[in-house]
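Undergrad: Now for the letters of each chain:
2 protein chains.
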Amino acid sequence: MDEGRMSTIAEELSKELKAISVSEFFERNRHLLGYDNPTKALLTIVKEGVDNSLDACEEARILPKIWVEIRQKDATRFKIMMKDNGPGVPDKKIPYVFGKLLYGSRFHRLLQTRGQQGLGIKGCVLYAQLTTGKPTTVISSTGDGKTSYYEIMINVARNEPEIIKHEIINDGKVWHGLKIEMEVEGRYVEGPRSVLEYLRQSAIMNPHAHIIFRGPNGKVEFPRAINQLPPKPREIKPHPHGVELGVLKRMLEFTRSKTLLGFLMNEFSRVGKDSAMKVLKKAGLDANRDPRSLELREVEKLFKAMQLVDFVRPPTDCLSPVGEKALLEGMKKELPAEFFAAVTRKPEVYRGMPFQVEVGVAYGGNLPNEAKLMRFANRVPLLYQAGDCAITKAVIATDWTRYGLKQNAKSMPEGPIVILVHFASVWVPFISEGKQAIASYPIIMKEIKLGLQEVGRRLARYLAGKRRIELKRRKIQIFERYIPEVARALAELTEVKQEIIEKKLKEIGIKKVGDVGEEFIHELSQHEGVEGEKNE
Amino acid sequence: MDEGRMSTIAEELSKELKAISVSEFFERNRHLLGYDNPTKALLTIVKEGVDNSLDACEEARILPKIWVEIRQKDATRFKIMMKDNGPGVPDKKIPYVFGKLLYGSRFHRLLQTRGQQGLGIKGCVLYAQLTTGKPTTVISSTGDGKTSYYEIMINVARNEPEIIKHEIINDGKVWHGLKIEMEVEGRYVEGPRSVLEYLRQSAIMNPHAHIIFRGPNGKVEFPRAINQLPPKPREIKPHPHGVELGVLKRMLEFTRSKTLLGFLMNEFSRVGKDSAMKVLKKAGLDANRDPRSLELREVEKLFKAMQLVDFVRPPTDCLSPVGEKALLEGMKKELPAEFFAAVTRKPEVYRGMPFQVEVGVAYGGNLPNEAKLMRFANRVPLLYQAGDCAITKAVIATDWTRYGLKQNAKSMPEGPIVILVHFASVWVPFISEGKQAIASYPIIMKEIKLGLQEVGRRLARYLAGKRRIELKRRKIQIFERYIPEVARALAELTEVKQEIIEKKLKEIGIKKVGDVGEEFIHELSQHEGVEGEKNE
Numbered sequence: 126m127d128e129g130r131m132s133t134i135a136e137e138l139s140k141e142l143k144a145i146s147v148s149e150f151f152e153r154n155r156h157l158l159g160y161d162n163p164t165k166a167l168l169t170i171v172k173e174g175v176d177n178s179l180d181a182c183e184e185a186r187i188l189p190k191i192w193v194e195i196r197q198k199d200a201t202r203f204k205i206m207m208k209d210n211g212p213g214v215p216d217k218k219i220p221y222v223f224g225k226l227l228y229g230s231r232f233h234r235l236l237q238t239r240g241q242q243g244l245g246i247k248g249c250v251l252y253a254q255l256t257t258g259k260p261t262t263v264i265s266s267t268g269d270g271k272t273s274y275y276e277i278m279i280n281v282a283r284n285e286p287e288i289i290k291h292e293i294i295n296d297g298k299v300w301h302g303l304k305i306e307m308e309v310e311g312r313y314v315e316g317p318r319s320v321l322e323y324l325r326q327s328a329i330m331n332p333h334a335h336i337i338f339r340g341p342n343g344k345v346e347f348p349r350a351i352n353q354l355p356p357k358p359r360e361i362k363p364h365p366h367g368v369e370l371g372v373l374k375r376m377l378e379f380t381r382s383k384t385l386l387g388f389l390m391n392e393f394s395r396v397g398k399d400s401a402m403k404v405l406k407k408a409g410l411d412a413n414r415d416p417r418s419l420e421l422r423e424v425e426k427l428f429k430a431m432q433l434v435d436f437v438r439p440p441t442d443c444l445s446p447v448g449e450k451a452l453l454e455g456m457k458k459e460l461p462a463e464f465f466a467a468v469t470r471k472p473e474v475y476r477g478m479p480f481q482v483e484v485g486v487a488y489g490g491n492l493p494n495e496a497k498l499m500r501f502a503n504r505v506p507l508l509y510q511a512g513d514c515a516i517t518k519a520v521i522a523t524d525w526t527r528y529g530l531k532q533n534a535k536s537m538p539e540g541p542i543v544i545l546v547h548f549a550s551v552w553v554p555f556i557s558e559g560k561q562a563i564a565s566y567p568i569i570m571k572e573i574k575l576g577l578q579e580v581g582r583r584l585a586r587y588l589a590g591k592r593r594i595e596l597k598r599r600k601i602q603i604f605e606r607y608i609p610e611v612a613r614a615l616a617e618l619t620e621v622k623q624e625i626i627e628k629k630l631k632e633i634g635i636k637k638v639g640d641v642g643e644e645f646i647h648e649l650s651q652h653e654g655v656e657g658e659k660n661e
Numbered sequence: 126m127d128e129g130r131m132s133t134i135a136e137e138l139s140k141e142l143k144a145i146s147v148s149e150f151f152e153r154n155r156h157l158l159g160y161d162n163p164t165k166a167l168l169t170i171v172k173e174g175v176d177n178s179l180d181a182c183e184e185a186r187i188l189p190k191i192w193v194e195i196r197q198k199d200a201t202r203f204k205i206m207m208k209d210n211g212p213g214v215p216d217k218k219i220p221y222v223f224g225k226l227l228y229g230s231r232f233h234r235l236l237q238t239r240g241q242q243g244l245g246i247k248g249c250v251l252y253a254q255l256t257t258g259k260p261t262t263v264i265s266s267t268g269d270g271k272t273s274y275y276e277i278m279i280n281v282a283r284n285e286p287e288i289i290k291h292e293i294i295n296d297g298k299v300w301h302g303l304k305i306e307m308e309v310e311g312r313y314v315e316g317p318r319s320v321l322e323y324l325r326q327s328a329i330m331n332p333h334a335h336i337i338f339r340g341p342n343g344k345v346e347f348p349r350a351i352n353q354l355p356p357k358p359r360e361i362k363p364h365p366h367g368v369e370l371g372v373l374k375r376m377l378e379f380t381r382s383k384t385l386l387g388f389l390m391n392e393f394s395r396v397g398k399d400s401a402m403k404v405l406k407k408a409g410l411d412a413n414r415d416p417r418s419l420e421l422r423e424v425e426k427l428f429k430a431m432q433l434v435d436f437v438r439p440p441t442d443c444l445s446p447v448g449e450k451a452l453l454e455g456m457k458k459e460l461p462a463e464f465f466a467a468v469t470r471k472p473e474v475y476r477g478m479p480f481q482v483e484v485g486v487a488y489g490g491n492l493p494n495e496a497k498l499m500r501f502a503n504r505v506p507l508l509y510q511a512g513d514c515a516i517t518k519a520v521i522a523t524d525w526t527r528y529g530l531k532q533n534a535k536s537m538p539e540g541p542i543v544i545l546v547h548f549a550s551v552w553v554p555f556i557s558e559g560k561q562a563i564a565s566y567p568i569i570m571k572e573i574k575l576g577l578q579e580v581g582r583r584l585a586r587y588l589a590g591k592r593r594i595e596l597k598r599r600k601i602q603i604f605e606r607y608i609p610e611v612a613r614a615l616a617e618l619t620e621v622k623q624e625i626i627e628k629k630l631k632e633i634g635i636k637k638v639g640d641v642g643e644e645f646i647h648e649l650s651q652h653e654g655v656e657g658e659k660n661e
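Which chain is which? The protein sequence lines are P and Y, in order. Our numbering numbers the first residue of the first sequence as 126 and each following residue consecutively. Our numbering numbers the first residue of the second sequence as 126 and each following residue consecutively.
These are computed hints drawn from the structure, not numbers from a lab. From the three backbone atoms N, C-alpha and C, an ideal C-beta is built for every residue, glycine too. Hints are not guaranteed to be accurate.
List time: in silico DSS-like cross-link candidates among lysine-lysine, alpha-carbon distance up to 25 Å [stated by the list, open to error]:
#1 K165(Y) to K143(Y)
#2 K429(P) to K198(Y)
#3 K531(Y) to K497(Y)
#4 K143(P) to K357(Y)
#5 K298(Y) to K304(P)
Negatives, chain Y to chain P, calculated, CB over 12 Å [as the list claims (entries may be wrong)]:
#6 L255
#7 E315
#8 N391
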């Protein structure tokens with residue numbers, strides 16, 4: 126091989142090298158954002174819009190009211206409109222919020238929110254322009270009497286917003302909120318992985334939200350069940366057991382602290398002076414060292430020492446569980462069952478990240494005679510990848526026969542039951558970008574199983590009570606059937622009138638039934654979990 | 126709610142909005158790049174390095190020789206070294222090729238290559254610095270007597286390379302190639318999803334490559350089996366049935382063509398004047414219109430018309446299949462089987478994208494008595510997500526009992542068999558970013574099944590032949606066992622010496638065996654596929 130020629134070839138081959146914009150990357154790899162197929166595309170768009178609205182309303186402490194409308198334009202085209210009563214987006218920010226990928230406010234914060242990466246709603250705009258060539262319309266006001274009107278596209282080559290139209294309507298109309306309209310290729314279905322199912326499950330897990338949906342098959346309304354917003358989650362600093370070496374190195378470079386001691390105490394949660402000194406001693410580093418002066422070798426020592434020291438668990442007020450009461454309200458308004466139970470577990474920690482599990486169960490009544498599992502992460506329904514999810518694995522690993530249900534090995538239990546599991550965390554460990562399945566960390570599996578067992582036991586007591594009263598009722602029926610016979614025999618023996626004896630005997634029967642009924646109602650209220658043990 | 130206050134809240138909430146660099150995004154979501162866990166991380170790094178080396182060598186028309194070394198430093202730390210004899214990377218380009226995500230040469234080209242997105246090797250650098258804080262060392266020469274030495278990290282906040290050290294060694298040593306060294310957290314295993322298995326399968330599918338691996342458990346060498354490079358794939362233009370509306374719109378804006386007719390003929394493959402005029406007529410557009418002058422409404426008409434017109438299939442010299450002969454060589458050198466067959470199907474098209482399927486089968490000999498499936502996309506082994514892949518689905522949907530194998534419904538066939546399926550395309554439709562499973566388009570499933578059936582039939586003929594010769598051999602054995610007896614009886618009857626009769630009888634037997642053997646060898650050579658029907 127001629128080596129001089131090789132040099133030319135290398136130059137030639139590298140000539141075509143150039144940067145690719147992140148928009149181009151996601152346009153081509155749109156399945157990463159949930160646009161694998163036309164059915165999922167519609168679901169993804171509604172999900173991104175509704176999740177954003179719920180997040181914005183909660184941050185602004187507004188009880189959310191959300192309108193979603195899907196209109197079919199032709200066989201494969203749909204117009205989607207979404208509107209909320211949230212805080213709105215300031216005029217100048219709108220182009221970036223909707224037209225620039227990887228632009229957002231939550232990426233660097235450890236905070237329990239639905240959205241995170243600054244991709245979601247931009248993905249919708251990108252998908253709309255890719256499939257129909259049309260801009261997305263954004264209308265918003267922040268309550269200052271002005272309304273912003275935008276038509277936005279994304280300049281894919283530069284990952285910058287392209288403003289097709291912009292007007293400020295200064296008509297003095299005072300409102301706040303956000304309205305989005307887009308036209309996309311899609312397919313509308315109603316079933317287990319549909320827009321409607323997504324909204325129904327969202328309504329259960331967000332009983333403080335009022336959602337109005339108008340779809341191709343008519344209007345469905347999910348009314349608000351409670352008038353109280355979930356507690357506002359607090360942002361936390363990283364836990365010393367939850368950072369990686371490379372991140373620690375970067376934190377040391379950018380800290381404002383002047384000393385290592387200050388760095389450890391200021392930049393991490395749960396590091397007091399004592400534990401910081403313990404870390405520094407183990408690492409053999411001086412407490413007064415400038416954090417920026419550490420060599421890689423020393424950063425490694427610091428990193429290892431941090432893993433060796435025990436710290437208090439991370440604070441858990443960064444979590445915002447739904448709560449047992451609200452979860453019961455949510456289930457009751459959407460599920461036609463006869464029995465409900467809910468459990469909120471105590472917060473736990475995986476890899477330095479706080480998390481909390483909530484489990485609900487609805488049984489009997491007019492529920493279809495087929496078990497159903499609803500999975501949620503930070504109140505967002507997960508409709509795909511069920512088989513890979515820690516929640517599914519925990520449910521089928523639970524022995525439901527103990528709680529009076531039929532179950533085949535490694536399967537869902539049988540019968541008219543809905544099981545809900547909610548995983549809340551500042552960082553949900555999804556197994557892939559699709560954000561549809563939670564990774565099976567042992568501590569996460571354990572917490573889910575304990576929650577399932579707890580509602581399982583309550584369900585078992587209810588089912589046992591139900592069987593007991595059924596048995597008694599049947600005994601009384603048999604008793605009543607023989608009353609005339611017995612009464613006649615007694616009448617002959619005692620010479621008391623048969624009618625009187627029959628009446629007395631019936632009274633005994635009714636009293637029995639009454640007793641059983643009261644006992645039953647008492648048990649029911651206990652099982653509902655409202656007065657059950659709470660984990661606070 | 127006080128509307129004035131709301132305006133302030135909206136401002137407050139949007140204050141934290143900021144851009145996230147693509148490096149930060151992938152650092153946090155590193156599972157998108159294949160770094161889900163320490164075992165997979167090692168595999169991903171070797172895969173990215175080897176794939177790049179193979180691509181570079183093929184582009185530069187060099188027979189690849191690749192060294193991979195993994196050294197364990199402590200329980201969880203590994204040093205990885207990869208070296209090739211490729212064209213090398215010019216000094217000035219090295220920082221970008223290794224230190225800037227979404228920077229590459231192949232993203233915009235429709236060309237059959239292993240890498241595509243400009244993410245792979247940068248992901249390795251990112252993972253190394255995240256887990257060990259250390260830079261990646263890159264040493265390269267393009268054959269001009271100068272050697273570049275770099276230590277590179279990625280500035281995550283800006284997605285720009287950070288050069289820790291740079292030297293040009295001007296010692297006149299003339300070589301070309303690339304050497305990378307990095308230190309990472311990982312876990313080394315040997316099994317079905319390991320570095321070793323990845324290299325073995327790569328060696329089968331790239332018999333023109335010489336790969337030398339030195340791992341924690343010793344050295345394994347995969348020698349070169351053929352001295353011919355695969356044909357150089359040609360870059361193609363998009364097929365009119367393979368673009369989306371949004372992309373068409375952008376193409377119209379950026380084209381250099383002055384007329385719509387020119388645009389259609391120049392920017393697409395397989396659009397001649399006749400078919401272009403047909404499209405324009407259906408769309409009701411003038412052939413001389415300036416492409417940039419089209420309104421969205423007109424772009425839509427053009428798009429629809431393009432779907433309605435039939436075009437010649439896309440050209441297929443953009444594809445570079447391994448070929449039946451090379452595939453047989455690859456299998457023979459790595460698999461201890463007794464029978465081999467290989468089929469290269471004719472190119473086909475999905476959504477305007479040309480693709481080609483190749484199927485190989487190895488059977489018997491010293492293969493373990495458990496069926497194994499090897500999946501490949503553009504010659505790269507796919508080790509994860511088998512269940513979701515079109516290849517797996519096609520294999521278990523094939524009725525292998527027809528071909529003389531045992532098989533339970535919806536399972537792999539049973540027995541000592543290795544099945545290989547290679548999917549080659551300018552754009553592999555992976556179902557997710559993990560790039561481990563191919564989407565089940567009907568035409569893709571069909572092609573794979575047809576390929577499987579073809580090797581299946583050859584295997585069936587071989588197995589039938591094997592059974593036949595087995596039967597004959599057994600008959601001859603029985604015959605030979607009775608020779609002394611028969612000879613003695615004949616000797617008595619004919620008064621010929623018993624020894625002579627025995628000798629004659631044995632000759633008959635040997636002749637029989639010989640015949641069967643020749644017949645068998647003849648069948649074998651036919652079944653090998655070397656002389657079988659080729660699809661060219």
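Undergrad: If a hint holds in the structure, say so; if it does not, say that too.
TA: Evaluation of the provided hints:
1. K165(Y) to K143(Y): 32 Å, violated
2. K429(P) to K198(Y): 16 Å, holds
3. K531(Y) to K497(Y): With Cα atoms ~14 Å apart, K531(Y) and K497(Y) stay inside 25 Å; holds.
4. K143(P) to K357(Y): Given pair K143(P), K357(Y) holds - Cα atoms ~22 Å apart, limit 25 Å.
5. K298(Y) to K304(P): Status violated; Cα separation ~66 Å.
6. L255: Violated: least Cβ distance 3 Å, not greater than 12 Å.
7. E315: For E315(Y), whose nearest Cβ neighbour in chain P is about 24 Å away, the distance exceeds 12 Å, so it holds.
8. N391: About 20 Å separates N391(Y) from the closest Cβ of chain P, which puts it past 12 Å; holds.
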